[in-house]
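2 protein chains.
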Amino acid sequence: MATSQFHCLQSVRVSSPCRLSISNSYRHVRNNFRRKSSCLVYASTNNFDRDLHLQSKVKTVLDSVKWDDKGLAVAIAQNVDTGAILMQGFANREAVATTISSRKATFYSRSRSTLWTKGETSNNFINVHDIFLDCDRDSIIYLGKPDGPTCHTGAETCYYTSVIDLLEDQQNGGDKFPLTTLSSLESTIANRKGELEVPQTGKPSWTRRLLLDEKLLCSKIREEADELCRTLEENEDKSRAASEMGDVLYHSMVLLALKDGKMEEVLEILRHRFSQSGIEEKRSRETQG
Amino acid sequence: MATSQFHCLQSVRVSSPCRLSISNSYRHVRNNFRRKSSCLVYASTNNFDRDLHLQSKVKTVLDSVKWDDKGLAVAIAQNVDTGAILMQGFANREAVATTISSRKATFYSRSRSTLWTKGETSNNFINVHDIFLDCDRDSIIYLGKPDGPTCHTGAETCYYTSVIDLLEDQQNGGDKFPLTTLSSLESTIANRKGELEVPQTGKPSWTRRLLLDEKLLCSKIREEADELCRTLEENEDKSRAASEMGDVLYHSMVLLALKDGKMEEVLEILRHRFSQSGIEEKRSRETQG
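Listed in order, the protein sequences are those of chains A and B. Take the UniProt record's numbering: the last position of the first sequence gets the number 289, and nothing is skipped along the way. Take the UniProt record's numbering: the last position of the second sequence gets the number 289, and nothing is skipped along the way.
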């Protein structure tokens, strides 16, 4: 997929240091970011004006970045669905301009003194949906979706070494990431699932019990959904709603784990539905029908 | 809260460049990261040995970081619950050592040539739960929970400028962040809620209909929970489970928005439950009872 997308970019070339040679339209670039599935080629007679306008806009944005004395800014790539920080590199004007036009996270390699697009050798591109600048304009986020593991070691992210584990003398086998709460909960449930075959003494954890008893699990999911609804129907306070929502989410995640599903898949589905107004339209049609 | 936690740290001092003067125990620091609620003071006669052991461990970790020619590494602060990248600064050995001992995200200010702890003037500390190093050991994540807005402008994160918005000539009023999918969905729902008073022509969005009709919303939440359960009971495939899970999550989030609740609150509740084994124990007790 990554490769097939790349041919669209051949018409959007960047020459050093920041001369955009754009033979495609502004709308093309904008739509790239809007996640349209195909490459749009505009035959409009206004293309030349649009290109000039985009060129000027990109230059203004790049001029606003506070590049350091080497012409670089910190660039951080983040997974749009999971929130995982995938990697951090540095970007110069050309790298950001290339990322804008190609929507593939592109950096400047300080060791090789060259531009490089993450994935150009591994094919694990990071498909950038938007770029953010910080308040000081010297730090950049590439928010996007990776095609595969980002780290050259094959790990999902480059940040797999926990300092606390190091301080506790625990071997870090590359399977611990800076997990946000949702990912951490998912990981805990996955661990419980992985331990199901191991005989246990003592009181089993609640997650283990749910994993072993599908009837109990489904009964709890329906019960927690009902309790969440009752916080609205019976006008309970918002902290009660948040607590019940937590129960719904946790129990649903246990079911998802039993089905070998991942929260990242769920979030990707939601992103596609909402970016395409899918769920809105589908539901609206359903109800009107 | 931030201030009250700080007194615990007075016994854990760091002197330049990386001499840890630790009069408290290793366990103290470890428990700081384990989010124990109170400061533990160990009177053990083994404290001295433990301190030496910790000092040695911290030194080993700091030695393993590839500091640049100015003795710095990139340090990124991330919200453990939402996944939001809050800010990026630079850290030297002393900054990381201070963060390890104090669990407050601490950086090195290149402009002022001094150590600074985020929150020391605003009181909006970032309470660090764990620290991660990347594969090259030259980039650091402080994963933690902010006490309040991180940016000096009062914004939740410093990254509030979307390049795509800039390219589209849209004014960026500081209310657009690099939202991950869950936050983006929550933001969309909040926007729909904010528009409820605005008369609309044409077909209302599904979210608007749900927000306006509590009976419909609750009926959908119960229905989607039931459909999720049936993916397990009727042995449907995992993509179906992920899709139904998406429906459960979305509809529950609409209810949460109606109750003025936030997903960050839900995630914080889950984090506390699981870090304290709360939900596991509570449910286990409930069922056994």
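By construction, these hints were calculated from the structure, which means they are not laboratory data. Check the hints yourself; a few may be wrong.
Identical copies look the same in the list; a pair holds intra-copy or inter-copy alike.
Unchecked claim - No farther apart than 27 Å at their CA atoms in a straight line, the calculated lysine-lysine pairs in the BS3-like style are these:
| no. | residue 1 | residue 2 |
| --- | --- | --- |
| 1 | Lys238 | Lys215 |
| 2 | Lys203 | Lys215 |
| 3 | Lys66 | Lys259 |
| 4 | Lys215 | Lys66 |
| 5 | Lys70 | Lys57 |
| 6 | Lys70 | Lys259 |
| 7 | Lys66 | Lys262 |
Remember, it's a predicted structure, so these values are computed and weren't measured experimentally.
Status of the hints after comparison with the structure:
no.: 1; hint: Lys238 to Lys215; verdict: between (30 Å within a copy, 18 Å between copies)
no.: 2; hint: Lys203 to Lys215; verdict: within (19 Å within a copy, 40 Å between copies)
no.: 3; hint: Lys66 to Lys259; verdict: neither (48 Å within a copy, 42 Å between copies)
no.: 4; hint: Lys215 to Lys66; verdict: neither (58 Å within a copy, 53 Å between copies)
no.: 5; hint: Lys70 to Lys57; verdict: within (23 Å within a copy, 35 Å between copies)
no.: 6; hint: Lys70 to Lys259; verdict: neither (50 Å within a copy, 50 Å between copies)
no.: 7; hint: Lys66 to Lys262; verdict: neither (39 Å within a copy, 35 Å between copies)
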